[in-house]
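Q: Read off the chains here:
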Amino acid sequence: MKLIAAMSGGVDSAVAAARAVEAGHEVIGVHLALAANPQKYRSGARGCCTIEDSHDARRAADVIGIPFYIWDMAEEFHDGVVEDFLAEYAAGRTPNPCLRCNEKIKFAAVLDRARAMGFDGVVTGHYARTQVSETGKTLHRAVDHSKDQSYVLSVLTVEQIEGAIFPLGDTTKVDIRLEAEKRGLAVAQKPDSHDICFVPSGDNAGWLRDRLGSEVGPIVDQDGIKIGEHKGAYTYTIGQRKGLGLTVPTADGSPRFVLKIEPVSNTVVVGAREDLAITTMRGERAVWCGPAVTDQVQQGFVQIRAHGAALPCTYYFDGTLLTATLEEPLLGLATGQAMVIYDGDRVVGSATISETE
Amino acid sequence: MSPAAFLAMSDQLQQLGNPSSLHTHGRATRKTLEDAREVIAQKIDCLASEVIFTASGTEANNIALKGLFWNGKKQGKNVVVISSIEHHAILDPAQWLKNHEGAEVIEVPVTSDGVVDLQFLGQLVSDRGSEIAVISIMHSNNETGVLQPLEDIVLIAGDIPVHTDAVQSFTKTPLSYKKSGVTALTLSAHKVGGPLGIGALILRRAFEIPALLHGGGQEREIRSGTLNAPSIVAFATAVKDSYDAQRVLGLRDSFISGVKGLIPDAYINGENSARLPGIVNVTFPGTQSDTLLLLLDSAHVSASTGSACSAGVHEASHVLLSMGHTEETAQSSLRFSFGAISTQADVDFVLSVLPDVISRGRAAHK
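Respectively, the protein sequence lines represent chains B and X. Residue 1 is where the first sequence starts when you use the UniProt record's numbering, and the numbers rise one by one after that. Residue 1 is where the second sequence starts when you use the UniProt record's numbering, and the numbers rise one by one after that.
Since the hints were made in silico from the structure, they are not lab data. Watch out, some of these pointers could steer you wrong.
Unchecked claim - Mimicking BS3-like on lysine-lysine, the simulated pairs with C-alpha atoms at most 30 Å apart in a straight line are: (1) X:Lys366 / B:Lys104; (2) B:Lys173 / B:Lys231; (3) X:Lys98 / B:Lys137; (4) X:Lys98 / B:Lys40; (5) X:Lys366 / B:Lys2.
Could you build all of it, start to finish, from the sequences and the hints given here?
A: Right, here's the structure in full:
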């Protein structure tokens, strides 16, 4: 096949590209320039988006022996990922920008462009697997569960999965680093990235404050009684306990947690730990990574964080909302996050959480 | 690199002796080096003593622009005049002079055919001539090949020192330093079949300007650093190679008519102007040049886009923007170059892959 390898400058995408070449594909390396004004050097736990990273990607492509180009996707990234991130926070939700990037950039803008140019698909260094079944290509967890990235890929449609190649899904990260070393790739020991790539300081709250302003508002208890003040509602997360700065203690001295963020009234609602508990979640903007979910109730698992646990549940889709009901109550679930349904290690689909109860 | 230049360089690399040493080996290298200087001087029509070797065209441009500015500044002249289509090796030093030395930089615009606006320059010189420290306008543009009216520029400039970046023109089109009347002129070896990493500034005899590099003072105390004898010898050897401008022109024109036949809405930038024989800049509406470059490269054709920023992201060419292009059409343009060893078969091959490349390129940007 003729493939585009998306190369961030990290070890994973470098090995992925090398493996695709070895598998006999015709591969061209592409580094996505996602920042309009990239920083010169990498800092903190970010693994892409600086000029240094684009040089690392180029060097890896040269060592592998494939052509290398830089594609400017800064505008698409800003509109589809950064703006979405800000809008979601402004609306009191907690978004996952990596999901949006996979949905709108890597497997949409890049894959579309690649296909139009005559390529068959896009290779990335994601830890996930695909399998060919009777119903088509399906998406599965990686062998290395600690690195599994199927959660952030759960926004891919069947057609996008068709064009996605994940050569690392069957290997552990430790072995990928060893392999990179053997292949003479200088990025073998490059640190993993954890932070949000477009927040250079790693200080998400500060970054949001700079862009959304920091309008002081009330922190209230469940009866609506003001017990403190916050410095911008969107810098809080559901379930957050620390950093609330509350001066009125509870009667029994038990801690308070953020229960709700109300962006319109700029209010943060706090309460006891048990009030965080939810058993049902509903999500909008559902995407199926294989056969569509119906209104028939199914048994499966739901995951609500990138590296969270898969929780046993039943689920169904009523045509608008994807509903999952948990066997055990869960504490602290923010709307805006993705609920990803698994059938064993297969990704069934996902939706953006809009309601919990 | 020209085969003759390659051989000359290999030979010289095996010769012992710093050309500035006084012993026998040093004197032998010095002799060879001065022979080379004379060859280059003869080709550009200047005195041998007017050739100052540098490590690149960029360095020569920096010495000229900054040095001529500092000279002028001593007499209270603070204005640097360049054209809007200069190479970054002039644009960026000019920007540096503005940011660090308080210079006022004025860019002379170009017409839609890519030629500097002489009326603008004339008005500027008549209004503010006494404030202008230096005028630097390239001899021909590296992206479009459009030749600039240097004689007219020198005439308008009068007493104001003029520098010209002639990197793209040297050996490709008639060019005489002496007749041009410029004070300083930049050359680079790798554009004429010589090695990378060697250039020259031609600077009028007995004309002093401040140095950028200080040290042994090897080149008229304007440029210090051990002379790179192997590269200089190879530079001179390459200059002696013949360049059949008529033949290259024929290839270029055959390419242009082929492109127009295959891609009817494609157009040539600067087509109405006198141009270098070996460069053609084409706009393919509805495409993006970095996509075309990838597809052409896959088909074993090397073309160029205008320029890339430090992150490697393709940017709209400032040259084409100056000629009145929009960001979009500037981003849809490619430069094709033809050299002394290009053939009609090469041209035919490019034309054979072009229609498919353009249609895929258009599909990728719908």
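Q: Indicate, hint by hint, whether the structure satisfies it.
A: Evaluation of the provided hints:
no.	hint	verdict
1	X:Lys366 / B:Lys104	holds, 16 Å
2	B:Lys173 / B:Lys231	violated, 40 Å
3	X:Lys98 / B:Lys137	violated, 59 Å
4	X:Lys98 / B:Lys40	holds, 23 Å
5	X:Lys366 / B:Lys2	holds, 21 Å
Checked against the numbered hints given earlier, this structure breaks hints 2 and 3; the rest are met.
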